[in-house]
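Following the hints, put chain B in place on chain A, whose structure we already have.
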Amino acid sequence: MTVIAKASPQIRALRRAADTEAAALPPLLLAAEKLARTVQMGVHGKRSSGVGEEFWQYRPVHAGDEARFIDWRRSGRSDQQFVREREWQLAQTVHLWVDDAASMTYTGEQGGKRARPTKSERARLLALALAVLSVRGGERVGLTGQLAAPRPGKGQILMLAQLLSAAGSVDEYGVPETSAVRAQSKVVMISDFFGDLDRLQESLRRLAQRGVTGVMLQVLDPLEEDFPFDGRTVFESMAGSLQFETRSAGDLRDQYRARLAERRERLLRMAQAAHWQFSTHHTGSSAQAALLWLHQALRSQVAGRGR
Amino acid sequence: MWMLGPIGFTTPWLLLGLLALPLLYVILRAVPPAPVRRRFPGVALLLGLHDRDAEAARTPWWLLALRMLALAAAIIGFSGPVLNPVTVGATGSGPLLIVTDGSWASARDWSRRIDRIGRALDEAAAAGRPVAMISLADPPPEAPPFGAATALRETLPGLKPAPWEPGADIDPALILPEGSYETLWLSDGLERDARPDFLSALEEHGTVNVWQSAAPIWALGAARIEDGVVNVPVFSAVALASTVEVIAMGLDPAGIERELARTEVAMDARTQAIASFDLPPELRNRVTRFEVAGLRSAGAVSLTDDAVKRRKVALISAGVSREGLELLDPSHFLREALDPTADLIEGTLEDVLLANPDVVILADVAEVPPAGALQDWVEDGGLLLRFAGPRLAMTDTDLDPLLPVKLRAGGRSIGGTMSWGEPRQLAAFPAGSPFEGLEVSPDVTVSAQVMAEPSPELAERTIAQLADGTPLVTRARFGDGTVVLVHVTANAEWSTLPLSILFPKMLERLAVSTRPTRPDVAELEGTTWVPQRVIDGFGRLTTAEAAAGVAGEDLAMGHPSADLPPGVYADDDRSVALNALAADRVLAPAQWPNWISVEGVEQPQQTPLKGALLALSLLALMVDIVASLALSGRLRGPRAASAMMVALAMIAMPQLSKAQEAMAQDRAIAAAGNVVLAHILTGDPQVDQIAQAGLTGLTNTLTRRTTVEPSPPLAIDLERDDLALFTLIYWPVTANQSAPSPAAYAKLNRYLRGGGMILFDTRDADVANFGGATPAGQRLQALAAPLDIPPLAPISNDHVLTRTFYLLQSFPGRYDQPIWVEAPLPDAEQAEGMPFRNLNDGVTPVVIGGNDWAGAWAVDNNGIAMFPVGRGLSGERQREMALRFGVNLVMHVLTGNYKSDQVHVPALLERLGQ
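Residue numbers (the numbering used here), protein chains in the order written: chain A, 1 to 307; chain B, 1 to 914.
Bound-form chain A, shown alone (with noise of 0.2 Å):
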């Protein structure tokens, strides 16, 4: 009591910073642990002898193995001299990039019984929850950007909680930022992909070439993918630089989403052609099945790159 009573006002200020910046982290944090906790982990190990932690084997010295090598206590109990092999455990660098512009802050339902959550907001735990699947798997875990640096560990997870938090930016539609990303790394985008495409296309391309692969996910609101409009309408972006105004949106229904569909296409092409895996989730269905398959679709391409 009298300690933290004759603390100094600098500490006490720290600690009322530590909590306010807390406060932000735990909800989303929790989400997606909790979301975390519905997919279970298995450590993906090589079943090979490799740079690792675990056991894999002893083996009989061949010749050009380094004296330093030997097993002693295991060569001592026979006249062979053996040599203890470790499973090659590959610690994965993942980046994530999830869109913070504009486009993603909107909800078809606000408030009410059946209310939805952002897309950005769906896109962010989505990552996270990701994210904390991932440092369970003992991979390294970053941002695409040059804020977070892949690192595993549970500090990594606190750190990108507090980025992913943040708000966001003010751009009408999100483009990728690939300074950061490794080669040979893999590279999770969570996006509506409303922007420029081509723009897009060129960081897959430059991605490609320095051996990334990844995944697309798509987060659209159902409102997006239905058109559900009629009569006299003006829409207007999220940040308010397009506006579009028409007489009678119902007729235009059949347009947008054949629109919506040759996007969808392309999208799905270009992630093809850069040996990525594409799919598209609705904020109006549950996370866990989209968690589940970008979990999935991760693994098998981090085993399809052990072969």
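Keep in mind that a hint or two might mislead.
Label-pair restraints from in silico Cβ distances [as the list claims (entries may be wrong)]:
no., chain 1, residue 1, chain 2, residue 2, range
1, B, Asp666, A, Asp251, 49 to 59 Å
2, A, Gly250, B, Ala641, 14 to 24 Å
3, B, His50, A, Asp226, 13 to 23 Å
4, A, Asp226, B, Ile7, 49 to 59 Å
5, A, Trp293, B, Asp666, 46 to 56 Å
6, B, Ile7, A, Gly250, 37 to 47 Å
7, A, Asp226, B, Asp666, 36 to 46 Å
8, B, His50, A, Asp198, 21 to 31 Å
9, B, Pro608, A, Gln255, 46 to 56 Å
10, B, Met866, A, Asp226, 52 to 62 Å
11, A, Leu197, B, Ala641, 32 to 42 Å
Everything labelled a hint here was simulated from the structure, so no lab data went into it.
Built from N, CA and C at the ideal position, the CB exists for glycine as well.
For chain B alone, kept in the frame of chain A given last:
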């Protein structure tokens, strides 16, 4: 008023507003509906798309048409359009005289007549014309002055048709005002002799317009019995090929007026037809009136009197008749006299009394059982008519209770003391005798008779005597009934009375037989008749209170008037009906000279269209709201849902009411499926809530402690629920409770007779002190008066209610006062060595008390008692006793007198520790 075809406009200049419609078209067309602003990220995908329909830039044509329709309807509506406006009569000037026939024949369309008069008055008021009004059925004593139309307008609702027709003796000079004026005559459509004279008298003062309804006029004549069938003549003014339905109305056994029979008469283009009712005598005697179905008019009502009521007469004569000597049979002349006018029953005394006759005639029967069914029957109001004869004369009649006077005892015989040298004649009937006014015929002679013992009351009991002062007919009240003794035989052995015309007339005066036809003037001369019930112009029966009597000869004429309203008149035991349709009246349609304009016959009703048009306008605007919302894309999500709900609710309204009816069925199933306690709704929400809670408490207790597991209690709607489904009804009495309807009382009585029980609770702890002292007690007396309740007594110590489940000594609720149940039979006696009397066999139909049982039983939703009883532990003990009383009561209802069976006595004695 400006006319456009059949439609007139009261304010036609407003129609100029229609010229503005094209302008509106231009304005509305230029202004499209306001857009919705919507944030939407997918706008990137929309850029570059084009609207398919260029027309959408402006308001769609159909929405435009809808709005213009709404506006046009509003403009036309406010300009006051009227379909078929009535303009007749608006042209005249100067004073206006309104003449109405005002008879029963105009009652059928009375409201239209009032409308027509009201219209004429309105127009006269608008034109500033003075108006006077004369009703011919109720003529004013002198010519009415002309006055303001508005003053007459106020008296209009009080105008009623008279149940008679205008008299023939109206002097036009006396009642018509001086000067020249226009006349509007509202004729009832019947031709009368006095009409042409009156019309010419009116025409001397000015033009005459006649308004006459085209509705056919039906009337019923007096009902008569012919060959055992009741015939009601149906008259029509115009020969029509239609059918008329005639109903016989009367009291049912429960005393409620209802339709007893119905028949259809085909008029077949005749003006007269007969409606025949073949009814059993029981039903026929109940008929109080015949009426034409669906017609409200005094003329369409035919009241019944003695002529339709045939009495049931039981005829009993001594011994078997001597074969072949029919004329000597004592009952032969009686049979001949009564057969046309009464229903005769013959048989043994025991058998005929079962048929509940009105009159029993004993012709020379001496052996009357001293205490028996016949005596009870007379005491209950029967009329016993006895004739003397050899057997009666031979018997010692001291022990015969059913004789009005003591007969001279001893061995009298014909030819002894009873014979005279010369037969005696009848004296004139004394004043006060029922035979008063009958003419004594000199042909009637008496040669033998039985003699009465002189006594103080002999003179008073004698209603007919011989010239020498000896009684011929004596009469005495006996309980509620009457015994009449005719001192001669019913055959012609002792006198020529049975051969005389006087004999049936005397029987009629004694109300033994009934008149076959209407009494004529001579017959009714000098009598005074008092109206019992009269009918008004619409044919409704009302009781005539404090009405003056009328002279018999006026009644016999059969012409109803203001002094002689149609109705049922009574004198002593006889009744005569006077119908609104005068006797021998022949109905004929009124004939008017062709220079008189007759309106109203095919006049179409004038219909203001303003309301309909404004409603149309409003409806169009409503549709416009929905259409505008839909057009601008605002009709989405919850809004669309609520709009659909409103539309569905409108469509589903009728189904909802059906659902309510089905509720009653649900209740019936709930009540019939299990034992259910029920309480009457008092209208006081708090009392009703306590009653419900109390019965819930009792239900819980029963379920816990006994094998009776009732369903949750119900509140009874006396008017709608079938009481037969309920076991026990709790009736809390409040001081200002409204009484149930007669039909509900009939239901309650049926329920009580069927073994149901009602627990009355005045909740004031006072009724045991002989009630009436508190408001609730007084209300209870008023409420329970129409109920069929046996004599009551304070509950005795050995009543079965003390031991149906628990052994109880008191029956407390929140108070502890004695309660009242059905009184035990007076002859119930306590047997030797038995603790209980062998008491009444049934279940007491009512239990009355003021202990506020519901208050003691009441529990809330958690099963906790709602109200305190007494103080502390003794109070809780009292509540327990109250619950035990409730259990005993329900057991008593369900098991009846099971516990009063003496078989249980040993077990009960053991438990009582005796």
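Tested hints:
1. Asp666/B x Asp251/A: 49 to 59 Å: holds, 51 Å
2. Gly250/A x Ala641/B: 14 to 24 Å: holds, 19 Å
3. His50/B x Asp226/A: 13 to 23 Å: Between His50/B and Asp226/A, where Cβ atoms are some 21 Å apart, the hint holds.
4. Asp226/A x Ile7/B: 49 to 59 Å: Between Asp226/A and Ile7/B, where Cβ atoms are some 53 Å apart, the hint holds.
5. Trp293/A x Asp666/B: 46 to 56 Å: holds, 53 Å
6. Ile7/B x Gly250/A: 37 to 47 Å: holds, 43 Å
7. Asp226/A x Asp666/B: 36 to 46 Å: The hinted range 36 to 46 Å holds for Asp226/A and Asp666/B, with Cβ atoms some 44 Å apart.
8. His50/B x Asp198/A: 21 to 31 Å: holds, 24 Å
9. Pro608/B x Gln255/A: 46 to 56 Å: holds, 54 Å
10. Met866/B x Asp226/A: 52 to 62 Å: holds, 57 Å
11. Leu197/A x Ala641/B: 32 to 42 Å: For Ala641/B against Leu197/A, whose Cβ atoms are near 39 Å apart, the range 32 to 42 Å holds.
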